[in-house]
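Participant: Spelled out from the first residue to the last, the chains are:
4 protein chains.
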Amino acid sequence: MIVILKENPEESQLNSLIAWLETQRIHVHPTVGANQTILGLVGDTSRVDMDMISSLDIVEAVKRVQEPFKNVNRKFHPDDTVIRIGDTEIGGKELTIIAGTGMLESREQLFAVAEAAKKSGVSFLRGSVFGPRSSPYSYQGMRVEGIRLLLEARETFGIPVISEIMDASQLPLFEDIDILQVGSRNMQNYSLLKALGKTDKTVLLKRNMSATYEDLLMSAEYLLAGGNRNVILCERGIRTFETHTRSTIDISAVPVLKQLSHLPVLVDPGDAVGRASLVPPIAQAAVAAGADGVVVQVHGDAGQAGSGSAQAVTPSTLTGLTEKLNKLKAVLA
Amino acid sequence: MIVILKENPEESQLNSLIAWLETQRIHVHPTVGANQTILGLVGDTSRVDMDMISSLDIVEAVKRVQEPFKNVNRKFHPDDTVIRIGDTEIGGKELTIIAGTGMLESREQLFAVAEAAKKSGVSFLRGSVFGPRSSPYSYQGMRVEGIRLLLEARETFGIPVISEIMDASQLPLFEDIDILQVGSRNMQNYSLLKALGKTDKTVLLKRNMSATYEDLLMSAEYLLAGGNRNVILCERGIRTFETHTRSTIDISAVPVLKQLSHLPVLVDPGDAVGRASLVPPIAQAAVAAGADGVVVQVHGDAGQAGSGSAQAVTPSTLTGLTEKLNKLKAVLA
Amino acid sequence: MIVILKENPEESQLNSLIAWLETQRIHVHPTVGANQTILGLVGDTSRVDMDMISSLDIVEAVKRVQEPFKNVNRKFHPDDTVIRIGDTEIGGKELTIIAGTGMLESREQLFAVAEAAKKSGVSFLRGSVFGPRSSPYSYQGMRVEGIRLLLEARETFGIPVISEIMDASQLPLFEDIDILQVGSRNMQNYSLLKALGKTDKTVLLKRNMSATYEDLLMSAEYLLAGGNRNVILCERGIRTFETHTRSTIDISAVPVLKQLSHLPVLVDPGDAVGRASLVPPIAQAAVAAGADGVVVQVHGDAGQAGSGSAQAVTPSTLTGLTEKLNKLKAVLA
Amino acid sequence: MIVILKENPEESQLNSLIAWLETQRIHVHPTVGANQTILGLVGDTSRVDMDMISSLDIVEAVKRVQEPFKNVNRKFHPDDTVIRIGDTEIGGKELTIIAGTGMLESREQLFAVAEAAKKSGVSFLRGSVFGPRSSPYSYQGMRVEGIRLLLEARETFGIPVISEIMDASQLPLFEDIDILQVGSRNMQNYSLLKALGKTDKTVLLKRNMSATYEDLLMSAEYLLAGGNRNVILCERGIRTFETHTRSTIDISAVPVLKQLSHLPVLVDPGDAVGRASLVPPIAQAAVAAGADGVVVQVHGDAGQAGSGSAQAVTPSTLTGLTEKLNKLKAVLA
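Residue numbers (the numbering used here), protein chains in the order written: chain S, 1 to 333; chain Y, 1 to 333; chain P, 1 to 333; chain C, 1 to 333.
None of these hints come from the bench; they were simulated from the model. Careful, some of the hints might be misleading.
Any copy, or any two copies together, can satisfy a pair, since identical chains are not distinguished.
Below, computed lysine to aspartate or glutamate pairings styled on DMTMM-like, alpha-carbon distance capped at 25 Å [unchecked claim]:
| hint | residue 1 | residue 2 |
| --- | --- | --- |
| 1 | K75 | E7 |
| 2 | K194 | E175 |
| 3 | K6 | D215 |
| 4 | K63 | D44 |
| 5 | K327 | D51 |
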């Protein structure tokens, strides 16, 4: 950590700062320039409160040199994390493809998607049963009945399942679900993160639309600090000024997160861009950038009014896309 | 709602869409142009799922004409909402000034801030006792002991208190707290919003850093739809590319939210910009733009290393600022 | 175009608006709802000033239905534009790879990059000779001498060349340059665009960091409206809150621009992200998303202090990357 | 400047870097930590190329400590710059109010605005005569005839005038214009900035929608480095995800720019938000935040279809607003 002092700092305040830092077991190396004095802080600065130091009268700015995350940091854990669920590995040599229904609405819809998923050889089946919906007047989900349907589909098709948890109090309901999704709006719901950190459930953590890479990694750090190492990161678009797409997929997130962390990284193109015609090119880009897999929404009942959402692809698009993604992965190997 | 069709839409699909809309009690008025056909949808479109319609093959785009929020909408409730707590009114003729400690750390700190607040005549005293902290390694708060201290300070100084709730399960702890803050990271924690909607506690709802005005109002709508009308909106900065300040205060939020909604609007300058020297000019701007009040963090123990955060002002700054804000309010009346 | 009227619009003003629109040869179709009246405008609305209409007392909002761009619009020109320069095609079946020096500094540097480019089989050689530099104290470029060196390199290596023009007055200097780049900071320098629109020079138009897709296409429209159809669009990153990378590459720009327009689309990964280690994954993502090619900066003298910029890759990285990009293109065909 | 080295940097490369820096008259102070070595660079680092250093193999990151701007920097020129034009001062004790027509369309329009300006006691009259227009099909301005009308209005009403210059080649036409506006799209048109830097014309430099404070100040630095000290900064909104307003006014720009620089700072609310009803509250906020003045568009012919733009206020609003702004300024003094 670097502390940049104002010109002519008052000496007693400077000494008090240095003394206080040393009680925190931080060693201070000053660099005195003509106009500016800089303090280099050496030691475990991850617990030093930058805001606190920058609030001092004598301090102009504080800059962090080391990342504040540890357990998720590739520097300290160079090997890729590979998560095993049944016969499947996430973060290993194979692509992970998750096919989902969006909001789960009926047995017919779920089973149609599951059948398409089975045919295309995808790894996981997703359905949302508790929302989240931005309007209180929208359909709020099948709830417990939806969880039951997911488990029935797993039984029938032999594909492990994933669903979004909204609140720590729902944990018992998700006991048999294979992967628990934490949605982008809950990425900094620390009560939920702390509760999940105490389990060993695999968690798919979606990036909030205004989260920096560091914010996302700090939320993952909450999970790992609690003892749960089964964490998957998921890029799903950030808020920018461009409104042609629902949000802007940040494809650089893939190689950057893989550099900074050892955790697997997936991409959800449909959530990011909100229209089916863009899902294949973005999914291809994600794999070409090094993603461990993608999430794709699939129509349960294509072509019917009221049967899906703007981002869902048809079963035949899913099949073609899955093939192409596997070929891309092979070329990159 | 406007539905823009693709060129030469297939007629059977078009008829099926129109029939389906009419079962939703929506009347459809088509406008046929040379290149483009547009459907005008008339009726209660707030429950129509835009995504669903825009996913149809024959649809190019869907645009909403009416706002999706109702209970918070000024069109349907033209009079300002005024919330009474003890002798104080929020959203009425007087400015509401909330003085806070940031993270509550000790009785000394809280009582020093409370004394400064009392002297300056501010309306509410705030202290955070459960976080939120972006790092799991940061101090996580005084918890129940903090709640107790807030109530003691209220007793001693006669100032009502506000604190941030993180989770629906904490509701019993906040029973005696006057205003419950929902932080920006929880603005779309729908489990929490639904639980608060069923109470009559006054809620200060902070805008998420990537929330549009509509997003914020839809979260407020969750509270009002549940039956709770005691809601205060709070602008606290949005995420932009400018990094000189922690986030960018969106001062237009004040007049826009006052136009769109009848709810009181406060501004938290310190949270937005993260440095004490900018708090007075931004607080002044907020009041000049029509805000019903501001939130200001105050040093409990100015000048000591480790005693505060970068955004906290001194007690004497608070006194001068409060005077100036009241003068500005008088000029604008 | 859709005009949404306020409740109970004054009738004389409404009639005056309709009459005025009809003098512009626009037909008006009203849809009268319970709370809201909507006017559907049919005809050539690309010349109607939205701002003007939305300023009227009786108007609540104006929404555009048709795109305001015509010559660049794929709807009116469904076939891809393919630009031929010597033996090379841009926008056709082969990838276009441009290898560049960044700021051109010396003959040695340029010739080292040109040699690497030749070996890797890239299509064009780029060097900047007039800046742009954000600081007046930075090196401002080799200017005319740089243009001369580029032409010498073309002669020696047989690779056509590209360089950035800053101002219409420089046009004579660029007479023999194969492609003229308009940098992102000049994307809305309309004096420059108008001057280039009157030539038949191939123009590489880079997206400004705050330009929407529509803004970029409207700037291209200036060129085509002037008569110049040899225009290449180039995505180079947009400004977002994420600061780990210099800007955020918007990979969706590739499929969206290809859908909206018939012009070729390139991507400049290095400019966007500002670090060499991210150039290969982003370039791969660009091609996988359907880009017609990429721009890559190459070190003239790797490993020497002062010899390059943070985003330049080594010659051997260029060779490996070019091979991989061609393989990806083949898989996608 | 701080250079953060990678772990275990190769010693010969490190020595070569230090030697090279010392030839640039930069002294290097290393701080050696357990995991990390940091170099503190002391001397005139404003000419050191950060990108060049960060491209080295042994370097992890480079952080600037000193601002790269000098002539515009308040640290080196603590006193406010006050610009005198006729009897008027910009940046002094009085507010500067500029009333404008937007796009100048006719003598009647200009003279109506000039009369309103005269009555309200505003300082300057603005009219745009060369665009800029984002569409090549929009009206491109009155050009030379517009310049002539502005000079006639100045003669008639005794109010100095301001207009937007698009290109260095237009300088002769602007010889008698009092203030030359550089629009936000040209903020980094360095050819134009260099040309204006060689004159002594007063320049109103508008912030680009994606420019950081530093970017804006570096563009101003181009003007001052050329010798022209008569520069006014103008905030006019940045691009964010919020689309309810045309752009987002960044009110913090006012106090931050006043802290960082000695130049006067104006705000253009209408350009930022694009709707007249928001102009008064934002203008009030600007003055309350410490702005030296505001720019306000005024209707030349209110209420007529085709007579103005969405952001123009009526003459009577201008009068009321001017009074209120002067009262606010008095309260703040």
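Participant: Up to 25 Å between alpha-carbons, please classify K327 paired with D51: within, between, both or neither.
Facilitator: neither (48 Å within a copy, 32 Å between copies)
Participant: Give the relationship of K63 and D44 under a CA distance limit of 25 Å: within one copy only, between copies only, both, or neither.
Facilitator: both (15 Å within a copy, 20 Å between copies)
Participant: If the cutoff is 25 Å on CA atoms, where do K6 and D215 land: within, between, both or neither? Let me know, please.
Facilitator: For K6 and D215, only the inter-copy Cα distance (23 Å) is at most 25 Å; the intra-copy one is 29 Å.
Participant: One pair to classify: K194 and E175, alpha carbons no more than 25 Å apart. Within, between, both, or neither?
Facilitator: Both. Shortest intra-copy (17 Å) and inter-copy (24 Å) distances satisfy the 25 Å Cα cut-off.
Participant: Between copies, within a copy, both or neither: which fits K75 and E7 at Cα up to 25 Å?
Facilitator: Between copies, since 10 Å is at most 25 Å while 36 Å is not.
In summary, the structure is inconsistent with hint 5 from the numbered list given earlier, while agreeing with all the others.
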